[in-house]
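J.: Kindly produce the complete structure, drawing on both the sequences and the hints.
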Amino acid sequence: MAEEEIEYTIGLVRNAVEKLRELSPLWDMYKDGVDLDTIEWSTS
Amino acid sequence: MAYSKKVIDKFEKTLQEPEKHSVGRWNPSESDIGTGMVGAPACGDVMRLQIKCEPRNNSHVISDVKFKTYGCGSAIASSSELVDMLKGKTLEEAKEIKNQDIVDALELPAIKIHCSVLAEDSIHQAIKDYESKI
Numbered sequence: 001m002a003e004e005e006i007e008y009t010i011g012l013v014r015n016a017v018e019k020l021r022e023l024s025p026l027w028d029m030y031k032d033g034v035d036l037d038t039i040e041w042s043t044s
Numbered sequence: 045m046a047y048s049k050k051v052i053d054k055f056e057k058t059l060q061e062p063e064k065h066s067v068g069r070w071n072p073s074e075s076d077i078g079t080g081m082v083g084a085p086a087c088g089d090v091m092r093l094q095i096k097c098e099p100r101n102n103s104h105v106i107s108d109v110k111f112k113t114y115g116c117g118s119a120i121a122s123s124s125e126l127v128d129m130l131k132g133k134t135l136e137e138a139k140e141i142k143n144q145d146i147v148d149a150l151e152l153p154a155i156k157i158h159c160s161v162l163a164e165d166s167i168h169q170a171i172k173d174y175e176s177k178i
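Chains A and B are the protein sequences, given in the same order.
The first sequence runs 1 to 44 under my numbering.
The second sequence runs 45 to 178 under my numbering.
Certain hints may be false.
[As the list claims (entries may be wrong)] Derived DMTMM-like pairs: lysine to aspartate or glutamate, alpha-carbon spacing no greater than 20 Å straight-line:
(1) B/K110 with A/D32
(2) B/K96 with B/D128
(3) B/K64 with A/E22
(4) B/K110 with A/D28
(5) A/K19 with B/D53
(6) A/K19 with B/E63
(7) B/K64 with A/E18
(8) B/K110 with A/E18
Hint data in this document are derived by calculation from the structure and do not stem from the laboratory.
T.: And the structure:
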């Protein structure tokens, strides 16, 4: 695989991860310094 | 399993234009905000739904909504669809929204029904949180 193909793929993955993180409440909590292992999650 | 075109469209539009589709958050301690957080990372889906309400004619109206969802495309589409249903509704009307309404609107496949159930849970919890403040 050519180096530019690798760079192209990295760009796609990075973009996708950034968009999904923007949608995620867990990413907000992580940025706020919340330890996700300490949360009592409500499940239905 | 195949996603319906409606699920894919809703997910893609929400992903591409998050602000337009009410992705975001408010300070949950504000008195006019109700927050519902449901699901668990271990189960694969977590939804946080926030409603901004104002008193009107002996009731309370949902003037704006924000959400964030961690999960699959249909979980994100379900919460985004719910947001569209909630804006402008009274709390009483919002309580009447059922998961089946989301299933019908998005033509969710049977294996993804739990996403709509989670969305219904999130609005009930957000209303409960808001009502505890008034």
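J.: A separate judgement is required for each hint: does it hold in the structure or not?
T.: Now for the hints, and whether the structure bears them out:
1. As the CA atoms of B/K110 and A/D32 are separated by approximately 18 Å, the hinted pair is consistent with the 20 Å bound.
2. For the suggested pair B/K96 and B/D128, the alpha carbons sit about 14 Å apart, so the restraint of at most 20 Å is met.
3. Annotation: proposed proximity of B/K64 to A/E22 holds, straight-line Cα distance about 13 Å (limit 20 Å).
4. Our distance criterion of 20 Å between C-alpha atoms is met by B/K110 and A/D28, whose separation comes to about 14 Å.
5. The straight-line distance between the Cα atoms of A/K19 and B/D53 is roughly 16 Å, inside the 20 Å bound, and the hint therefore holds.
6. Using a Cα cut-off of 20 Å, the hinted pair A/K19 and B/E63 holds, with the two alpha carbons roughly 12 Å apart.
7. The suggested pairing of B/K64 with A/E18 holds, with an alpha-carbon distance near 17 Å, which does not exceed 20 Å.
8. Taking the CA atoms of B/K110 and A/E18, the gap is near 19 Å; set against the 20 Å cutoff, the hint holds.
Checked against the numbered hints given earlier, the structure satisfies every one of them.
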